[in-house]
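First to last, the protein sequences are chains A and B.
Numbers 314 to 521, taken from the working numbering, label the letters of the first sequence in order.
Numbers 314 to 521, taken from the working numbering, label the letters of the second sequence in order.
Watch out, some of these pointers could steer you wrong.
One copy or any two copies: either way a pair holds, since identical chains are not told apart in the list.
[Claimed, not checked] The calculated EDC-like cross-link candidates involving lysine to aspartate or glutamate, where the alpha carbons are at most 16 Å apart (straight line), are:
{"id": "1", "residue 1": "Lys376", "residue 2": "Glu387"}
{"id": "2", "residue 1": "Lys500", "residue 2": "Asp428"}
{"id": "3", "residue 1": "Lys340", "residue 2": "Glu485"}
{"id": "4", "residue 1": "Lys425", "residue 2": "Asp401"}
{"id": "5", "residue 1": "Lys425", "residue 2": "Asp380"}
{"id": "6", "residue 1": "Lys508", "residue 2": "Glu469"}
{"id": "7", "residue 1": "Lys443", "residue 2": "Asp455"}
{"id": "8", "residue 1": "Lys516", "residue 2": "Glu466"}
{"id": "9", "residue 1": "Lys500", "residue 2": "Asp475"}
{"id": "10", "residue 1": "Lys341", "residue 2": "Asp492"}
{"id": "11", "residue 1": "Lys508", "residue 2": "Glu466"}
{"id": "12", "residue 1": "Lys341", "residue 2": "Glu484"}
{"id": "13", "residue 1": "Lys443", "residue 2": "Asp453"}
{"id": "14", "residue 1": "Lys498", "residue 2": "Asp475"}
{"id": "15", "residue 1": "Lys516", "residue 2": "Glu440"}
{"id": "16", "residue 1": "Lys425", "residue 2": "Glu379"}
{"id": "17", "residue 1": "Lys370", "residue 2": "Glu387"}
{"id": "18", "residue 1": "Lys340", "residue 2": "Glu488"}
{"id": "19", "residue 1": "Lys341", "residue 2": "Glu488"}
{"id": "20", "residue 1": "Lys443", "residue 2": "Asp514"}
{"id": "21", "residue 1": "Lys513", "residue 2": "Glu441"}
{"id": "22", "residue 1": "Lys456", "residue 2": "Glu519"}
{"id": "23", "residue 1": "Lys499", "residue 2": "Asp472"}
Simulated from the structure, these hints should not be mistaken for lab results.
Protein chains: 2
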Amino acid sequence: MSRRGILTVISGFSGSGKGTVVKELIKKYGYVVSVSATTRAPRPGERDGIEYFFVSKDDFLGKIREDGFLEHAEFVGNYYGTPAGYVDEMLNMGKDVILEIEVNGGLQVHEKRPDTVMIFMVPPSAEELKNRLINRGTEDIDKINKRLARAYEETEYIDSYDYIVVNENIEECTESIHDIIVNEKKKIRYNSELKDAIIKDYKRFERR
Amino acid sequence: MSRRGILTVISGFSGSGKGTVVKELIKKYGYVVSVSATTRAPRPGERDGIEYFFVSKDDFLGKIREDGFLEHAEFVGNYYGTPAGYVDEMLNMGKDVILEIEVNGGLQVHEKRPDTVMIFMVPPSAEELKNRLINRGTEDIDKINKRLARAYEETEYIDSYDYIVVNENIEECTESIHDIIVNEKKKIRYNSELKDAIIKDYKRFERR
Numbered sequence: 314m315s316r317r318g319i320l321t322v323i324s325g326f327s328g329s330g331k332g333t334v335v336k337e338l339i340k341k342y343g344y345v346v347s348v349s350a351t352t353r354a355p356r357p358g359e360r361d362g363i364e365y366f367f368v369s370k371d372d373f374l375g376k377i378r379e380d381g382f383l384e385h386a387e388f389v390g391n392y393y394g395t396p397a398g399y400v401d402e403m404l405n406m407g408k409d410v411i412l413e414i415e416v417n418g419g420l421q422v423h424e425k426r427p428d429t430v431m432i433f434m435v436p437p438s439a440e441e442l443k444n445r446l447i448n449r450g451t452e453d454i455d456k457i458n459k460r461l462a463r464a465y466e467e468t469e470y471i472d473s474y475d476y477i478v479v480n481e482n483i484e485e486c487t488e489s490i491h492d493i494i495v496n497e498k499k500k501i502r503y504n505s506e507l508k509d510a511i512i513k514d515y516k517r518f519e520r521r
Numbered sequence: 314m315s316r317r318g319i320l321t322v323i324s325g326f327s328g329s330g331k332g333t334v335v336k337e338l339i340k341k342y343g344y345v346v347s348v349s350a351t352t353r354a355p356r357p358g359e360r361d362g363i364e365y366f367f368v369s370k371d372d373f374l375g376k377i378r379e380d381g382f383l384e385h386a387e388f389v390g391n392y393y394g395t396p397a398g399y400v401d402e403m404l405n406m407g408k409d410v411i412l413e414i415e416v417n418g419g420l421q422v423h424e425k426r427p428d429t430v431m432i433f434m435v436p437p438s439a440e441e442l443k444n445r446l447i448n449r450g451t452e453d454i455d456k457i458n459k460r461l462a463r464a465y466e467e468t469e470y471i472d473s474y475d476y477i478v479v480n481e482n483i484e485e486c487t488e489s490i491h492d493i494i495v496n497e498k499k500k501i502r503y504n505s506e507l508k509d510a511i512i513k514d515y516k517r518f519e520r521r
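Make a model of the complete structure from these sequences and hints.
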């Protein structure tokens with residue numbers, strides 16, 4: 314139980330189904346997600362520490378200065394960020410943490426924590442993504458085309474990720490991501506206790 | 314089929330069962346192994362290009378100078394090496410190649426090909442390894458202790474490997490290594506065609 318958890322970033326195009334897959338990963342395999350900090354006011358029903366950590370702008374800026382975020386961004390006048398302390402606490406408890414985050418945030422996390430497993434999710438095709446957004450009926454074609462243009466811009470960041478996963482269907486995609494994480498945990502860097510035990514086990518045969 | 318294969322190095326203590334596991338990987342999953350070059354004379358029944366590529370010392374030294382080996386070593390007056398050309402040919406044909414190789418050779422390969430998947434195999438315990446070697450009855454206790462001392466020295470290299478696999482039993486160990494390789498192949502660096510296809514698919518939505 315004292316083994317440290319593993320940190321995974323999941324990014325991907327808007328409409329790739331990231332949110333649904335992350336919910337499945339939490340439900341089926343017990344992954345935990347981070348709670349973000351924000352300077353925006355809580356909406357009715359939002360609870361501090363559950364939906365967000367609600368903090369003042371001064372506190373947020375102070376925390377940026379002391380390197381307290383794995384990533385942060387400003388969005389229409391409000392700040393949003395992933396508190397490093399919360400994530401570390403989870404990892405130290407042996408929890409595997411997933412951050413569902415857009416590419417700029419993902420790269421910030423990777424810079425601060427090079428051991429992060431970086432996964433990029435894409436829908437089966439641009440055509441299917443477009444149809445899905447049209448059928449959803451919540452956005453006009455102009456907005457949909459902007460989303461697709463943004464997706465194209467994001468392809469530039471794919472090389473900064475370790476894995477690419479095509480979301481053909483939710484269940485397969487969930488399994489595929491879980492497999493990736495399980496496998497990454499076999500890496501020696503996540504198994505220093507096993508390594509130390511092996512070294513200790515053979516030390517008595519040391520040549521003198 | 315035009316997708317390039319993946320190169321894996323398997324190292325581990327003498328007696329870890331590497332050889333048996335590699336044979337299983339070849340038989341069950343169609344991995345290919347490299348044929349080494351050597352300057353030693355062929356033994357009766359050994360065929361050039363099958364057991365080894367038999368080459369002259371001059372040719373071997375010339376090939377070292379032109380960087381034609383992924384790794385090489387001298388052993389009791391003879392040279393042994395893994396020809397880069399042969400391995401590349403297999404990889405270009407889409408074959409997944411395994412090199413079963415000791416730690417010094419493994420590190421040389423990794424230096425020349427940083428993308429190599431590095432796997433270190435260990436027996437369940439030093440005690441079990443010792444008993445296995447004693448029961449085999451082919452070596453005296455002095456030689457066995459030297460092997461175990463060498464194993465201890467090799468623990469120093471574990472950090473240069475990506476994965477550590479404990480060989481509790483042949484079948485599980487074979488599956489575990491196959492899983493690792495299958496998973497590594499999902500990495501973006503082995504899927505440039507998929508990446509290029511995605512970029513192309515979204516390019517028509519580019520903002521102008």
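Task: Contradicted hints - numbers only - done: Those not satisfied: there are none.
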